[in-house]
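Asker: Letter by letter, the chains look like this.
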Amino acid sequence: MLYISKWKATAILLTALICCLFAVPNFFPESMVKRWPAWAQRHIVLGLDLQGGSHILLEVDVNDVRRQKLLALQDDVRRVLREARIGLIRAPVVRGNAVEVAIRESDLQQGLAKLRELSQPLGGFLGSTGARSVDVENVGGGVVRLSPTEPALLERVRQVVDQSVEIIGKRVNQLGLVEPSIQRQGNDRILVQVPGLGDPQQLLEILGKTAKLTFRLVDTSTPVEQALQGRPPPESEIVYGSKAENRQPYLLEKRVIVSGEELTDAQPGFDQRSSEPIVTFKFNTSGARKFAQVTQENVGRPFAIVLDDEVISAPVIREPILGGSGQISGNFTVESANNLAILLRAGALPAKLTVIEQRVVGAGLGQDSIEKGKQASYFGGALVIIFMVVTYGLFGVFASIAVAVNVGMIFGILSLLNATLTLPGIIGIVLTIGIAVDSNVLIYERIREEVRTGRTPITAIDAGFTRALATILDSNITTFIAAAVLFFFGSGPVRGFAVTLGIGIITTVFTAFTLTRLIVAWWVRWARPRQLAIS
Amino acid sequence: MRLHPKLPLLRIVPDDTKFDFMRFRRISFPISAALSIVAILLYFFHGLNFGIDFVGGTLIEVQSKSGPADLAKMRAALSGLGLGEVQLQEFGGPADVLIRVAQQPGGEAAQQAAIGKLREALGSEVDYRRVEVVGPRVSSELLAMSTIGLGLAIFAILIYLWFRFEWQFSLGAMIANVHDLVLTIGYMSLTQIDFDLSSIAALLTILGYSLNDTVVIYDRIREMLRRYRRMSMPDLLNISVNSTLSRSIITHVTVTLALLALLFFGGHAIHSFVATMIFGVVLVGTYTSVFIAAPILIYLGVGTTRMEAEEATGQETASSASRS
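First to last, the protein sequences are chains A and B. So the first sequence is numbered by the numbering used here: it starts at 112 and just counts up by one. So the second sequence is numbered by the numbering used here: it starts at 56 and just counts up by one.
Please keep in mind that the hints were generated in silico from the structure rather than gathered at the bench. Careful, some of the hints might be misleading.
Facing chain B, according to a computed beta carbon distance under 8 Å, are these residues of chain A, among others [as the list claims (entries may be wrong)]:
hint, residue
1, K401
2, Q404
3, E408
4, E421
5, V466
6, L494
7, L597
8, G601
If you want the footprint, here are the derived chain A segments under chain B, 3+ residues with CB under 8 Å [claimed, not checked]:
hint, region
9, 284-294
10, 579-589
11, 619-633
BS3-like, lysine-lysine: derived pairs with alpha carbons at most 27 Å apart [as the list claims (entries may be wrong)]:
hint, chain 1, residue 1, chain 2, residue 2
12, A, K320, A, K393
13, B, K172, A, K320
14, B, K172, A, K483
15, B, K120, B, K172
16, A, K354, A, K323
17, B, K172, A, K485
Don't be surprised by glycine CBs; every beta carbon is placed ideally from N, CA and C.
Just chain B, same shape as in the assembly (with noise of 0.2 Å):
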């Protein structure tokens, strides 16, 4: 009977799947309320690691024309042009160097003066692969704009949120979603992965999808919610999740496997980019939503409401009163 295919062929979750996911917010609620400590204590003592785009400065991206590139010598002579700090560091291949210098003193001319000096001394042997030179100006513009943007579009996703569900399921995403972007930035500093523009698009991404996800079992809970009028709210919580596991599981699956193929050969310039992704998108993304922001709603009160007016007219069965 191949004319009617089974559907699904793999089978990832069983169908009476019944895990009791709203069981695990004793544990998960003070997991990540510690880890989100953790992220923000990190973020405020170990810093995260700014790129050029947000404090201004030299990035310059060269190969050596013979061969593996040599470092040391190259050190020694950027070090002695008095342009503060240099580092240098290996960018993909041996032949290829990433070399920052920080902001100069001295305003917008410094800066480009600096890359002058830089382009003397490294001579003829390099090819210049990529220059950047971002004055202060433009730094702390660019700085403002990200904060503003990131702001603004919490902000908006909530105002939605709140116009297609209740306010307590609006609520309850920013909150699962925050906990994420915190536990991300705390992720970025963890690992000091350099933090400029495009970690803004990633953790504007990872915003935008992890929403989704949580999106997608709030659509489930509201629908429960109106079909199910007697259920207590963990039970209901559960039947939700569950139901819509084998979606969460298969979708982050395909996610995943798109990211990883962007991580493995993507190439070097958007490898920190893929890896911020991953993490924020498939290791907390889903763990939220399943974990913070549906058993989040049993304490902001979604459904009691529901409760109290069947208790009204007297309908309320007593196994479901004692259980919420």
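So here's chain A without its partners, still in its complex pose (with noise of 0.2 Å):
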């Protein structure tokens, strides 16, 4: 157990060194490391709570997404029925989570055919799994009842979620703002995180917006007090007015003439008249020409340009708008100008997102938690190291030796992980040393034992080293457990305590069986004690 041959003690050594060694980019600044090779840069990342930032989880708005393939459905189940010229007592209406439509006797069956065609397969990773995406169902008495099912609306809150997350990232980079991360998380969330940034507010507000905008034609046929008493027209639908129009009323057409996905720029600018903030833009070629022929038609009359269901403006047609730009005004201050132009370029999100949790810590709290963490830290370790010089003498000092070279190699395995560091994580490492010094403790007391038993030194300290060992690795396993547990189910600063308590498990367990060990070898062979005085 004592001998241990060159080969082996400098495979410790190296082990220990070279992870040790990935932890000094941690201690040069980051413009010095930026010149270094690749693979030299690699470096701890100071969590949001450590380097303050925002941390915003965003949910898929799931009954938006059912609403709104509901009302796909809706449409094509109206247009198939209508090509197949199939007759029907009442036409497509969304019942629940289904599409109800009643189709006349003598054309049921065919009517069924046509629409089973509307299922299809669905596409797994694997090919078919032999889900389809529309149950079809024969209710009886004509009617048929279609509905989503539940794996098709998964894969699409996928996709939604996937548009989103590049959407989110057009979104946030627009403001700014420094290496902000946009990740997916599970199936229908979105997480966004940005250090450095102490007041999300501007943030939220461009999250929160779908941004769905589209120009539609006001409904001059019937005043929009009678339809808001009675029923408005088939064809059109009561829309309100954003807060800077008092919430308004409007009668708009349904039919939309030209939505956003039409713009190719959109920009904040002050009108050259007024000098109030508006924002002007460009559609493509389809949506200038679709404008300029609506326009053409509808001088004189109004439309509206509506975001997120709320009426921005509706001003006036006075000339047909041709050249296929545009500006929109709505008592904007500079800043919502700004907003709604980044949310225009960016594109509107596929559904509506929903912020679930939220956690901001700001530049200077951060400072004081590092701070904080540095003082225990140090305090930590110099209480520990004297408390075992004390108790121990000499082979106190080898352990502090051992301690200090596994805080190395915990943050050498932090860099290499490229790991993010924490406040808890901080309190893993102090807690680290406590149990690193542990594995010491327990072969120390071990060879102590052995002595007491009569042995001489060396094969006192060979035998304490090999059964204490094995204690050590049975003791150290449970709580690499509890951490791996942690790990997996915790979330955020929590996760970073999980992993810097395993990874000082692992070096602990390291530094005991290989760095502790070869010290003591060679102090035995370079002081060759006759005896290990006790007391």
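Hey, can you piece these two chains together into the complex? The hints should help.
Answerer: Below, the structure written as structure tokens:
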């Protein structure tokens, strides 16, 4: 046990040294590290709780996705049945989680066949999973019920999340934030993390908007008041104005002239006459053509610019707009005009997103936490070392060396993994100092016992190591299991604790098995103790 | 002879300590049982002070820009917002205030709306050090995940110990450590420390760490069982605990030193986390492994099969038979 070959010794020292070396970039300023080779640039990332920043968790509104899917299905049903010239008793309507349509008895079989074609097999990871996109059910009395299946809905939610991640990325980048991270989380969530952002108000405003823009004509055939009391005409609906527009109701045609997807650019600006903030925009070719045609035919009528089911403004068409560009004015502030321009450029989200968790740490608190964490680590380390040296003398010094290397290795491995260091993570490191010492204590106490049974120093040390190492392994594995569970079930900063604690246990076992043994072996060879004096 | 250092220099436990720990089981078991019942009663009737991680709501830490914060004025400004109960508390220094607002009725959007109102009411006189808003969905998930995690950790460790030791050891360690968790939860209820995600981390660490201690003693007991085939269980357990006593004490001193450094220098944010750990690891964990985990093996029948086997072969001596 005490004889360690030169090769082994070299391997042990090299492993420890390389691990520690990986920690080096953390002690140099970033500007300097950037010029180093890529493999040497790995470093520890400070968690948002230490460097300050915003953590925002968004969830796709599944009900919104379901509603959209039902509306699309309703359109499909209508189109398919019309194309096949199938006689209807009742037009398709959305009812609960399904679309229902009543088909004339004579056409029922043909209609069912056509509707069944709407249901497509869903592709899984490994080809067809056997699931279909729509359940088609003949309820009786000519009524057919079509409902999107749960797998189809999940698939759609997944797509929505992917598209949203991209669009949010565009939006966030336009705000000029440093190193934002936007990730899908689980099936229906998106995590946005922005280091250094202590006031996320503008970010939240930009994330919370779907930004679905439509241009629609105002229906002037019926006065709004009348539509509000009775039923609006079938092809029109009531839409309310934005807050700036005093929530005034408008009667708008459901038909969309042009939508936000056909914009190629949007910029904030100022109106030349009134100098109030506005947003100018440009249509693509097809959008410009449609807009030109409609404005030509409707000079003198008002049209409405609708954003997320709110009328921003409803100007009167004074002359045909042929150039494919225009401006939106709607009591904007400079900031809200800027936000709207960003939203329009980045495009609309495919579904509504809701903020379900928000955690923001100011830079000041983060800095304080780092300072206090450092202080606690220095004091903790110093106290432990003093105690060990007082208790074990030279062997205490050996233990302190092992602990120092241990902490160096933890930092090195954290850097190598580009892991995130959080405040609980610092606690994990300080705790590891305590736990790492335990392995030395176990070995020393065991050696002491072996000496008492009358062994010579060298055989006592040998036996002490052999017996203690089994215990060290057993006792550390239990703590490691707890850390592993914490890693998989914890979130955010707590996960950082699990990471440092887990890595700390691995390095502790490593140093106990190798480095401490090596140091003691060298000492034995050098000092050749004839006896280990005990008290 | 400095080249032959004394090992150790500081004698913490005399070499031939023979403290009769097993005798104390007649006191320690009833005490632990009583304390556990008190802890469970505390949990059910006094409850835990659940933080926003688990019940949702809003937490804001602000620092007044102009010296000490005027809590009364702030409270007046915030309680008029119609957000239900608003708790204010000094946090760390006189300028630092922790504001807690319960979860708002009306789903996820309502939580986010509340923070807007709070920011408006607090105005520009304060710096926002920390803002946390946890919606109902996230909080209930975190609670579920934490409970599952804690249960799974206990289960995984039980399985591991079962593989490494006999089942009696595994069961004994579990009883001992569930006892630790119960007492720690009782402590959290009594002190009304914030029970949040970091508390779960603390509980899991206590679990892992106090097991660490138990395993060290069990390892020794197993070794003794192999070596002294004729010793009575109480004697054998006593020797095992006594021979690991020095290690237990030294190790706990070092962990306590590390934890105390965190408690005094680590700042307010981790105060409750560290306090819980000190209670769990230092006060309960140590006591448990010596006074519960070891003696419970007597009741779980460790070593009885060994005795019976020897009795069958007629090697059993009268003295040890009468003791067991």
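Asker: Confirm or reject each hint.
Answerer: To see whether the hints hold, each was checked on the structure:
1. K401: 35 Å, violated
2. Q404: Result: violated, 40 Å to nearest chain B Cβ.
3. E408: 41 Å, violated
4. E421: Since chain B brings no Cβ nearer than about 16 Å to E421(A), farther than 8 Å, the hint is violated.
5. V466: 5 Å, holds
6. L494: 4 Å, holds
7. L597: At about 5 Å, which falls below the 8 Å cut-off, the nearest Cβ of chain B leaves the hint on L597(A) intact, so it holds.
8. G601: Holds, because the Cβ-Cβ distance from G601(A) to chain B comes to roughly 7 Å (cut-off 8 Å).
9. 284-294: violated (count 0)
10. 579-589: Contact hint for the region 579-589 of chain A vs chain B: holds, 7 residues under 8 Å.
11. 619-633: violated (count 0)
12. K320(A) - K393(A): Answer holds: K320(A) to K393(A) is near 21 Å, not above 27 Å.
13. K172(B) - K320(A): Measuring from Cα to Cα gives roughly 19 Å; hence the hint holds.
14. K172(B) - K483(A): This hinted pair is violated, its Cα atoms lying about 32 Å apart.
15. K120(B) - K172(B): 20 Å, holds
16. K354(A) - K323(A): 17 Å, holds
17. K172(B) - K485(A): Since the Cα atoms of K172(B) and K485(A) sit roughly 36 Å apart, the hinted pair is violated (cutoff 27 Å).
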